[in-house]
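**Student:** Heads up: the protein sequence lines correspond to chains D and E, in order. Each residue of the first sequence is one higher than the last, beginning at 0 in numbering that gives the first Met the number 0. Each residue of the second sequence is one higher than the last, beginning at 0 in numbering that gives the first Met the number 0.
Think of the hints as simulated: they come from the structure by calculation, not from any bench. Be a bit skeptical, because a hint or two may be false.
[To be verified] Taking lysine to aspartate or glutamate and the DMTMM-like style, the derived pairs with C-alpha atoms no more than 20 Å apart in a straight line are: (1) E:50 <-> D:41; (2) D:129 <-> E:168; (3) D:164 <-> D:309; (4) E:28 <-> E:9; (5) D:129 <-> E:224; (6) E:50 <-> D:189; (7) D:13 <-> E:20.
[Stated by the list, open to error] Some, not all, of what chain E presents toward chain D, calculated at C-beta under 8 Å: (8) 14; (9) 28; (10) 43; (11) 53; (12) 165; (13) 192.
[What the hints assert, rightly or not] Away from chain D, derived, C-beta distances all over 12 Å, residues of chain E: (14) 65; (15) 155; (16) 206.
Cβ coordinates follow ideal geometry from the N, Cα and C atoms, glycine included.
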Amino acid sequence: MSASYQSILWNRQKKIYDLVLVCFVVAYISIFITTTAVLDPDVTQETLIIRSTSTLALLLLHVILCIGPLARLNPVFLPLLYNRRHLGVTMFFIGAIHGTFSIIQFHSLGNINPILSLFLSNTHYESFIKFPFEVFGFFALIIFFLMAITSHDFWLHNLSPRVWKTLHMFVYIAYLSIILHVMLGVIQYETSPVLVVLLAVGFVAVTILHLAAGRREQLNDREQIEVKNDFVKVCNIDDIADNRAKVVALNGERIAIFKYSNKLSAISNVCKHQNGPLGEGRIVDGCITCPWHGYQYLPHNGSSPPPFKEKVATYDVKLVGKEVWLNPVAYPDGTEREPATIN
Amino acid sequence: MKKWFPDRNEFYIGYLPNAPDGITRVIRKVILLLGIISICLAALLAWHQKKFSPANFEYGVNTDIEGFIFEDPIPHVLIPLGRDQLGQQLYQTVLLVGFGKSGSQNAIHQILKSGHGPGSKARLNGSLIYGDGKALIQIDKVSDITLIEGQIDHVAAVQTDESFSITGEIVDPKCYFGVMKPGEGKAHRACAIRCIAGGIPPVFNGGPDGYYLLVDESDKPISTEVASIVGDVITLSGKRMHWHDWTILQIDSRTIDELSAAKRWRENLLAFEQGMTQCN
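Full structure from sequences and hints, please.
**Tutor:** Below, the structure written as structure tokens:
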């Protein structure tokens, strides 16, 4: 969390994250290249670069796609989510090395522009099996490029969280493009079933994790409460742990009711940073703290403490005996509301 | 699940110097597991690649060769190897290709025009490409060819079969015989198309003789006509001819047109029929 923009706001956790990532990348590429060169000395250096980077980028893409649902299913995975954008940018750079070397190797030094060659050499667009697989890889790389250059918070704020999130949801289109790129390319050339099996395992893992995380959200939202009059009863005071929240879905909006210092306050469940689930966060130093990247909001007005400027919607909450009642009509972002006092 | 939640009260905040102990312990195990899986995957994927061709491209290494240069049916140089038991001169054929994805027709035409025509003896300086008994040399520029004293006559190909059919795939010889690994199949199709479009003569890979140069009924090389069927498994028919250490398949160029068109038509029809069957 920062009040001004810096290229990277380094902290100890990020340094550890990136160090582990670099070690992982170096280890993977070294092992792939060494194993290939030892088992088959006839391989060329270009092929080693193209294949080691392609398989590594594919592996990283699967890890990236699994982190989101894993963190939703179990908060213990949140440290992996915290610096995921560095993982994404690394994956893009590795994919870009693969793409650049492939274009140089297979499409340059010909009688037309290498990028045009990518689209105009194999023109079997009418056939699924013979389809030019390079096109899928190219478009996926364009999406990863757009995601990488907009990964900084500067773009998140300037594009607005909604646009930014929508753009970054294109990762799923890119993922499907990559699956087609591999299936219609190298898999048609290789005779071993290993790559097909691994790709299938990866696809199934990504799909199952997303379905499981989605199912959990769906079950939470099923607790939807019928809205009558102004206030609705949402839970009992004992249902909320100290310094934590209960999330309720009312009229399609998720609202987090926090219990802290013998008080109750309700704010939107959606963090202004990356739409993180504030209701799964905690009260730390008197502030609601997002579990994804630690963005903070004051419970009584939904505003980030100065000098930060993020604000979320607030709601009226009251206590009737031990029953927690909530008015689902949102106040504008950052509106101060009197917390309900617990006697 | 308890193992994954050592303490439910632990809460991770990335910008704090240290993560909670319980979460740190679990994440360490996760990263270790991920590292082991990744290392195994790297080795497994490397191990299960298709074997690479032992063909060679002496990139960056220039070699001088001397021989007799011709531009028909495709640019090549004949290097004398000595005589056989019947006293006939034997030659090694080295196909001539240009830099990158280009042929050498223009360079050879220019040189032969300035000398004594086909069969002129020359010294060539270029990078050798060789594999599976075939050889090529990459000539980067016209000045890499120097005409020297000597000349031989063109040796005509000897027809051995009037009607001959083979099944296989069209490749570009420059990549196939050493520049690219792999130099065939779907992954290489676009590159092969660019090479052939750039003037590198296509070679048919298949049949009893292994490799065939393709010429039309006028003995002219077939090139861009085959672009749409490069890398496909196809059957070609024509006259088989032996020519030095190569075999030539002389085909009617209309056959290629028909083959391309008919192949696409058959595929489209098959796809349509399959679609109709599924609808029913």
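**Student:** None of the hints should be skipped; say for each whether it holds.
**Tutor:** Going down the list of hints, with the structure as the test:
1. E:50 <-> D:41: 8 Å, holds
2. D:129 <-> E:168: 14 Å, holds
3. D:164 <-> D:309: 17 Å, holds
4. E:28 <-> E:9: Distance of about 17 Å is within 20 Å: holds.
5. D:129 <-> E:224: Satisfied, since the Cα-Cα distance of roughly 18 Å is no more than 20 Å.
6. E:50 <-> D:189: 9 Å, holds
7. D:13 <-> E:20: Holds, because 17 Å separates the two Cα atoms, which is no more than 20 Å.
8. 14: 5 Å, holds
9. 28: 10 Å, violated
10. 43: Status holds, d = 6 Å.
11. 53: 5 Å, holds
12. 165: With a minimum Cβ separation of about 21 Å from chain D (threshold 8 Å), the hint on residue 165 (chain E) is violated.
13. 192: Cβ of residue 192 (chain E) sits 4 Å from chain D, so the hint holds.
14. 65: Correct as stated: the minimum Cβ-Cβ distance to chain D is 28 Å, above 12 Å.
15. 155: Consistent with the label, residue 155 (chain E) stays out of reach of chain D, its closest Cβ about 32 Å off (over 12 Å).
16. 206: 22 Å, holds
Going down the numbered hints, you'll see the structure goes against 9, 12, while the others check out.
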